[in-house]
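Chains as they are written, first to last, in the working numbering: chain A, 121 to 271; chain B, 129 to 743; chain C, 10 to 246.
If you are wondering where the hints come from, they were derived from the structure by calculation, not from laboratory data.
Ideal placement from N, C-alpha and C gives every residue a C-beta, glycine not left out.
Hints are supplied without guarantee of correctness; some may be wrong.
[To be verified] Pair by pair, the computed Cβ-Cβ distance ranges are: (1) R401/B x K167/A: 23 to 29 Å; (2) S493/B x I102/C: 31 to 37 Å; (3) S493/B x E254/A: 39 to 45 Å; (4) S673/B x K132/C: 26 to 32 Å; (5) T722/B x N252/A: 35 to 41 Å; (6) E254/A x N236/B: 44 to 50 Å; (7) I179/C x G412/B: 53 to 59 Å; (8) N99/C x K742/B: 43 to 49 Å; (9) C143/C x E713/B: 41 to 47 Å; (10) K481/B x N133/A: 42 to 48 Å; (11) E139/B x E125/A: 47 to 53 Å.
[Said to hold, decoys possible] No more than 30 Å apart at the CA atoms, straight line, and that leaves these computed lysine-lysine pairs for DSSO-like: (12) K186/B x K306/B; (13) K186/B x K130/B; (14) K183/A x K420/B; (15) K166/A x K420/B; (16) K676/B x K209/A; (17) K209/A x K166/A; (18) K704/B x K222/A; (19) K703/B x K218/A; (20) K183/A x K166/A; (21) K443/B x K166/A.
[Said to hold, decoys possible] Stretch by stretch, here's where chain B covers chain A in the computed footprint (C-beta under 8 Å, at least three residues): (22) 169 to 179; (23) 259 to 268.
The residues making up each chain are set out below.
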Amino acid sequence: MTIDESKLDSIINEYKAELGSLIPILQDIQAEYNYLPQEAMEYVAKKLVIPEVQVFGVATFFKSFSLKPRGKQQIHVCMGTACHVRGSKNVLGELERKLGIKAGDTTPDGEYTLETVNCVGACAIGPVVVENEEYHGQMTPIKVEGLLNNR
Amino acid sequence: MKLTSINELEELRRVISSKDPDKPCIAVCGGPGCLAKQCLNVRDAFINEVSARGLSGKVDIKTTGCHGYCELGPIALIYPQGIFYQRLAVDDVAEVIEETIVNENILNRLLYTDEKTRKPIKNGNDIPFYNKQMQLILGNNSRIDPHSPEDYLAVGGYTALAKVLGSMKPENVIGEVKKSGLRGRGGGGFPTGRKWESTRNTQDDIKYVICNADEGDPGAFMDRSILEGNPHSVLEGMIICAYAIGSNEGYVYVRNEYPLAVSNIKTAIKQARELGLLGEDILGSGFTFDVKVNRGGGAFICGESTALMASLEGKPGEPRAKYIHTSDKGLWDKPSNLNNVETFANIPLIINKGAEWYAGIGTESSKGTKVFSLVGKINNTGLVEVPMGMRLREIIYDIGGGIPGGKAFKAVQTGGPSGGCIPESLIDLPVDYDRLMEAGSMMGSGGMIVMDEDTCMVDVANYFTHFLQEESCGKCVPCREGLFQMGGILTRITEGRGRMEDLALIKDLAGMLGDASLCGLGKTAANPVLSTLKYFEDEYLAHISDGKCPAGVCKNLITYGINPGNCTGCGLCLKKCPAGAITGERKQPHTLNTGNCIKCGICYDVCRFSAVVKE
Amino acid sequence: MPGNTQKPNGNMVTFLLNGAEVQADPNWSLLEAIQFYGIDIPTLCHNEGLTPYGVCRLCVVEIENGTRAKLVISCMHPVTGGLKVRTHSNRVIKTRKMIMELLIARCPGSKKLQDMASRLELKEVRFEPLNDDCILCGLCVRMCDEQMAARAIGFAGRGADRYITTPFDINSEECRKCGACMYICPVCELRCQGPQAETTLCSGCINTEPVCAQNFDDAMCFMVPCLSCVKGPDDVK
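The following block holds chain A by itself, in its conformation from the complex:
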């Protein structure tokens, strides 16, 4: 893919190309492209004057970064303790079955990406599934169908 260097520049300049801002810079790039394109990471390494392997190390270390394009709809299943004891495993299992993918993958049509997250901090209403930005509390395998009503 081709990347728009001026777009990257404006993100990098917003953080004054500071080394300490590597993570926020990558976050903003991901917000722009929906994932981290390799070319963008190479460009960041060049601009911040750091080895590419450091950018790659950071991008693969932190869970919020994706090196593959993600689906239009993001489904995050909370696997925090409170959700776990209330049965989030079964909710995840049902989502995996319904979507036909495993956690961390994207449906072949590019519609859904299913991911797990270690606690979204909405423990009181667990099990929680976050669909795009919207929180769905007290989830059960039965409610999964309603969540994916068009599938």
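Given the structure of chain A, go ahead and fit chains B and C onto it with the hints provided.
Relative to chain A, chains B and C alone:
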């Protein structure tokens, strides 16, 4: 408007506080629990209703931070009376405005009904969930709009800062914090004053104040709620800390998964700068301090101070050996002081009310209050703030309202993945740093996950071990390889392939993890396993020698079936079964083919006649 | 003593090493001081020419501070006056053996690891062998960075999924194919050339107590189960 002296600050506060105290105000809780229950629709309905009735300007409507009682959301408090309305729907809004705001009547159907007396309770403070609490930190959440510095000033915000800048030397501030007995609320419980003192004593032109808001403990969300609901209180604590240790630069490292917390703290910083409470020459004192916000990338390990600093330096979050303290060489090798959100939020209180007052709350070794997130198998889920030393029984039964569905209490897990499970036999344990440690658990950041008879303790140990295995940075051998093998053994046990020798091997691994791991994550990683093995060994043995999961959780060890006596042949389970494992004619008892069953439990959940059985 | 680049100067500190009062330069690491006094302790991720990384944890020693004793890694712990150091206490030995057991389970084919395991008298591996070829000691990463100034390889991923790679997992222009990483790697050196060298886990070169003599006349292994008698990982029960 930029304030250039303490007098100007107090003048502004006087103007703000002189507003009509009887003006009605509807404070809608905007915490994560209520948000998920569509509280913003309720708030918008209030706004529309008020303007439709031409009451705009006569009624204030604010969206506040978390009030704590998530179970009852959406919640709204009606001031000045302090009426507590719960489970609000958009349809209730017109009636609330008509009856409560205009006619000043109370709508009993929206009040909380006492479980015992069956009487409605008007005032929030009288509800059992709240009246045993001591909300020093959370209390202001229901009174202020986090986007309004005026609201914070009106409840006495930044008076501590004014006091510190106006009349206290840095040494006195540290002395006060030391005397208060405040201990770090993030996990380890290190005395805050001593930490400040050693950072102050290190000579350097550049020092950093870092606020750890990377709340990673699964099952805990108090830091989120403080930062979302009262960001200025955290800022005020940070500024005071910076003054005390001699720092001019600070960071808030906040989880990217908390977008509202990120935006609220950013707004607060901007407002504080505009008011002259941050930046150069704060309130004309000559003291300079500013704060940047850095979003975390999603790694539990970044709650560890040196890993957090590595990530602030643009590196993967790997901890380093702490033989040189961060108070000597922290971020960018400069002296750094790191505290968590709740610790900073305690500072203004200590300065305002004095160390002696603060030290009067709590126990011998643990002072003040602690916010817990009371979640899991409990009736009143939410955030609770209690004085240190309150007994677990009071928290779980009096405040939490006990276990739902008449089930039996089994254990409460505290301290996050580094903590342990405390059994029923220790339910009268007073909760403080040391007593939890003695029981094989820890305070951690304050997660309290209640487990009932349907929770399998081996599964819980396996859950935490896999959590940590995934979240370990992988740098040192004991943690990376040790947790990998520990996870394998526990999975084996939950799948019914455990061996008796495994228990000894678990203990050997646990000893090595504690002794040889690089950082706190590895050192404490065995706590969930060790504590469940200590208190629930019989469950491990049932899995290993009998091939049974007593709680009916571990899938390989349970089978589903249909009791023909109870089955009415309604066909619901057949329709819902994703594996096609259920067959049967309508109105005839159905049968479940265990060969096809994927044990998802849907049939068990949908059956209204208890005909689906789990063994 | 190799590794002690700084000559002792006048300001020596005194500490207790296995009960004996000794002196050392405060600029040394504990490991350097221990080695200076001729005590052999195992190290794996340590190399004199590279910055200490402190990850294999094999060089742990027990230090006593007042009433509390704890384990620290000697390669990174500074020498301070008044320390009480025990290099071979039961707690230390037990910890080293457990770490070694984990490493052998990860890379059973490494001759270096086998030899170290033998020296530690590790007799039993209770985990299933994984037959990987990297223990993530990071020597190659530091070599590439500090000695070759290439920074062409580094760590990626985290936890159990951590691995060493070039940027984006593809051939890197930064890599000059100098081979320094292979030179310094402790596990990819040629494996023991004893009988069944391709598949067995053997430590015969260190061992003097032949256990499996009934099966192989020259094989010497005191691992339990004796892994020199198996053909591959699938045979291990």
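Evaluation of the provided hints:
1. R401/B x K167/A: 23 to 29 Å: Between R401/B and K167/A, where Cβ atoms are some 28 Å apart, the hint holds.
2. S493/B x I102/C: 31 to 37 Å: Holds - the Cβ-Cβ distance for S493/B and I102/C, about 35 Å, lies within 31 to 37 Å.
3. S493/B x E254/A: 39 to 45 Å: Taking Cβ atoms as reference, S493/B and E254/A lie about 44 Å apart, which means the hint holds.
4. S673/B x K132/C: 26 to 32 Å: Holds - the Cβ-Cβ distance for S673/B and K132/C, about 27 Å, lies within 26 to 32 Å.
5. T722/B x N252/A: 35 to 41 Å: 38 Å, holds
6. E254/A x N236/B: 44 to 50 Å: Roughly 33 Å apart at Cβ, these two residues miss the hinted range, so it is violated.
7. I179/C x G412/B: 53 to 59 Å: 58 Å, holds
8. N99/C x K742/B: 43 to 49 Å: 47 Å, holds
9. C143/C x E713/B: 41 to 47 Å: 60 Å, violated
10. K481/B x N133/A: 42 to 48 Å: For N133/A against K481/B, whose Cβ atoms are near 46 Å apart, the range 42 to 48 Å holds.
11. E139/B x E125/A: 47 to 53 Å: 51 Å, holds
12. K186/B x K306/B: This hinted pair is violated, its Cα atoms lying about 46 Å apart.
13. K186/B x K130/B: Given that 30 Å is the threshold and the Cα spacing comes to 29 Å, the pair holds.
14. K183/A x K420/B: 23 Å, holds
15. K166/A x K420/B: Within the cut-off at roughly 24 Å; holds.
16. K676/B x K209/A: Since the Cα atoms of K676/B and K209/A sit roughly 20 Å apart, the hinted pair holds (cutoff 30 Å).
17. K209/A x K166/A: Judged against 30 Å, a Cα distance of about 42 Å means the pair is violated.
18. K704/B x K222/A: Holds - the C-alpha atoms of K222/A and K704/B are around 21 Å apart, at most 30 Å.
19. K703/B x K218/A: 15 Å, holds
20. K183/A x K166/A: 23 Å, holds
21. K443/B x K166/A: 16 Å, holds
22. 169 to 179: With 4 residues close enough to chain B, the hint holds.
23. 259 to 268: holds (count 3)
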